[in-house]
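Undergrad: Residue-level listing of the chains:
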Amino acid sequence: MKVGLFVPCYIDQFYPRVAVATVELLERLNCEVIFPLNQTCCGQPMANSGFAGLAKGCNKNFVENFSNFDYVVSPSGSCVLHIKEHLTDENEDAALHIRRHVFELTEFLLDVLKVEKLPSNFPHKVGVHVGCHGQRGLHVCSMSELVASPFSKPEKLLSMVKNLQMMLPERWDECCGFGGTFSVFEEAVSVKMGKDRIREHKENQVEYITSTDVSCLMHLEGILRRKKSDIRVIHIAEILNAI
Amino acid sequence: MEHNKRNHSALSAIFNEDEKRVDWHDETLWFVRSKRDRAVHNVPEWEQLREYGSEIKNHTLSNLDQYLIEFEKKARSNGIHIHWAEDAKEHNEIISEIIRNNQVKHVVKSKSMLTEECDLNSYLTSQGIEVIDTDLGEYIVQLRKEHPSHIVLPAIHLKREDVSNTFHSHLHTEKGNNNPQYLAEAARQHMRRKFIFSELAITGVNFAVAETGGFVVCTNEGNADMGAHAAGIHIACMGIEKIIPKAEHLGVFLRLLTRSATGQPITVYSSHFHKPRNGQQMHVVIVDNGRTRQLGRPDFRNSLKCIRCGACFNTCPVYRRSGGHSYHSAVAGPIGAILNPNINMQENADLPFASTLCGSCSNVCPVKIDIHDQLWKWRQALTKKGHVSSGKRLGMKMMSFVVSYPSIYRVAGRTGRWIMRYFPSLLANKTINSWYKQREMPVPPRQSFRTWYFKNKK
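Protein chains in written order, with the UniProt record's numbering: chain A, 1 to 243; chain B, 1 to 458.
Hints may be right or wrong, so weigh each one.
Stated by the list, open to error - Examples of chain A residues lying across from chain B (beta carbon under 10 angstroms, computed): (1) VAL20; (2) ALA47; (3) GLY179.
To be verified - Sample of chain B residues with no beta-carbon within 12 angstroms of chain A, all distances over it, derived: (4) ILE196; (5) GLY290; (6) PRO406.
It is worth saying that the hints were derived from the structure and are not from the lab. Glycine included, each C-beta is placed from N, C-alpha and C at the ideal position.
Can you make the complete structure from the sequences, with help from the hints?
TA: As structure tokens, then:
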């Protein structure tokens, strides 16, 4: 299966280890992983700031890089949601094809590859942070507000990992406060939201906080490091890839 | 209205100076959200009920003219006076004229967010007419010369000590007595006199029924009933979107409203008004105030489905940590952030950005308003109209340029990481880099993923 790997810009620049883990994990599951070399960004930072109109060049570049794959996979619920909802281009068919075939990593593993077991081993106590866009946008897990049966793709995958102790905070689907440029323009509330998430994980005495989104983790890591906390952040791909 | 010219970000930074109070505010509202969760999880058909609510409202908005005219006709034949107001000014003038014509001096008012929107209290006060808010929370904020910070829980930003101090200054209660029962009793005794001497009662309208020409007012304190039944004149104020086609639709909305608002199965008083009693005058003022403009905006039209339950406030992680006054508008919270730019784009351009777009608001909305999608759409509309700082526009233009050209993106990334590694002090500046105020910057790795891929996989 030919998979186009979409690596969000900030992962490419700041968290390459997450993309490396994604490649290794997918290859172990017999995917042919191709990273189109001229990719840049999904355009979400502009669009969420009210400048979707400025994302034309970015969108065009995205379509050129990803129009020839059966599936486009990315270790980021937020960027995938943006592509799924907002990717447009003069080449309408190609844009539509991508929108219909772009997957966040955990949904790709379970819904397309139908993974039922993994050789992973991660002997640590791990707190799960639910990224809002993956959850309320892509529906990778159920939502506390709705009257519906509970499910969670990330938790299902984590439960396949040997020796991993999973911990959920009491407010298990409350936003961490990153919100893209919100984190900078609404700094006070953004940080307060992050601190409150961390407090709950700390009460659970976790060693790691994991998520399907690195953006949430980057924000939480910034606060954790400022507080000189021992808790570390780790993307779910890194855990699933750990043997 | 004495709007604060400062924006949501600045106002919430001030609110966050007292972190303990923020924690208390957050936990108090989370308690209400949790109560709502318990209540709705007891209704297996909850999601179906939301769908009914949404569809009835959609249908009504598409036939608003017809239902409003039907309501007017039925209400008039029941002996209710109907008035139409194009905007806040007309609304206030109509009420003031009824007051003048009847030589009324004392007015009691039960909670109506529409009269807050129109700033009726200041208008009447400036004409020498005494207006007493009779909803306990609203009475407290009125004494403090503040505005409600929440559409259902107007004084939710205040602790009982604050209320005790306010009552001590205004009602001469014992200093330092924070007992809620004692304080509520003091307000009750004071208000009881106001009810007895009032000549005119103003209420809001939760639902106006086209089929019957009657209307329903929901309160937990019974203050709307007390006012309307004691005074010789009852004026009910409603936005044009409060109409529903049939009485049987109340079976949907009354079930949705209070479960969403406070987690109660139903409001303590859901009072149906159909005609004036003998010797009483009953008026209904139907207000547009920008609603038809909103109805004409396809992206934002369905914000008019709102039944003012406040569930989106209680669930919003930003609202809980920024307080209602940070929205500098009569209606705060996520719903306020999509309604207020319609009323005044310039003054409220900051509000759609006061969100992480987490989407929880849309999920709790009992009439399925796509609140977080509308926040996103307002952002596009506002920047197109130029309501954005030149710095932000420039930054976004630069970013757009960089990510449009892969080679420029790669050089920029490499240069950026190099600067962060060798000149960290450039970014480690709390004044120019607000990320860094309370957060460390990410540690820049030596190579990007692309470089790794090129070396290892190509």
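Undergrad: Mind verifying the non-interface call on B:GLY290? Its CB should be farther than 12 angstroms from each CB in chain A.
TA: holds (21 angstroms)
Undergrad: Taking the least C-beta to C-beta distance, is A:GLY179 closer than 10 angstroms to chain B?
TA: This hint holds: A:GLY179 lies near chain B, its Cβ roughly 3 angstroms from the closest one there, short of 10 angstroms.
Undergrad: Checking the smallest CB distance to chain A, is B:PRO406 really beyond 12 angstroms?
TA: violated (4 angstroms)
Undergrad: So, A:VAL20 near chain B? Judge it on the closest CB pair being under 10 angstroms.
TA: With a minimum Cβ separation of about 6 angstroms from chain B (threshold 10 angstroms), the hint on A:VAL20 holds.
Undergrad: Should the hint that A:ALA47 touches chain B count as held when the rule is a Cβ pair under 10 angstroms?
TA: holds (8 angstroms)
Undergrad: Does the claim that B:ILE196 lies off the interface hold, with its Cβ farther than 12 angstroms from every Cβ of chain A?
TA: holds (44 angstroms)
Checked against the numbered hints above, the structure violates only hint 6.
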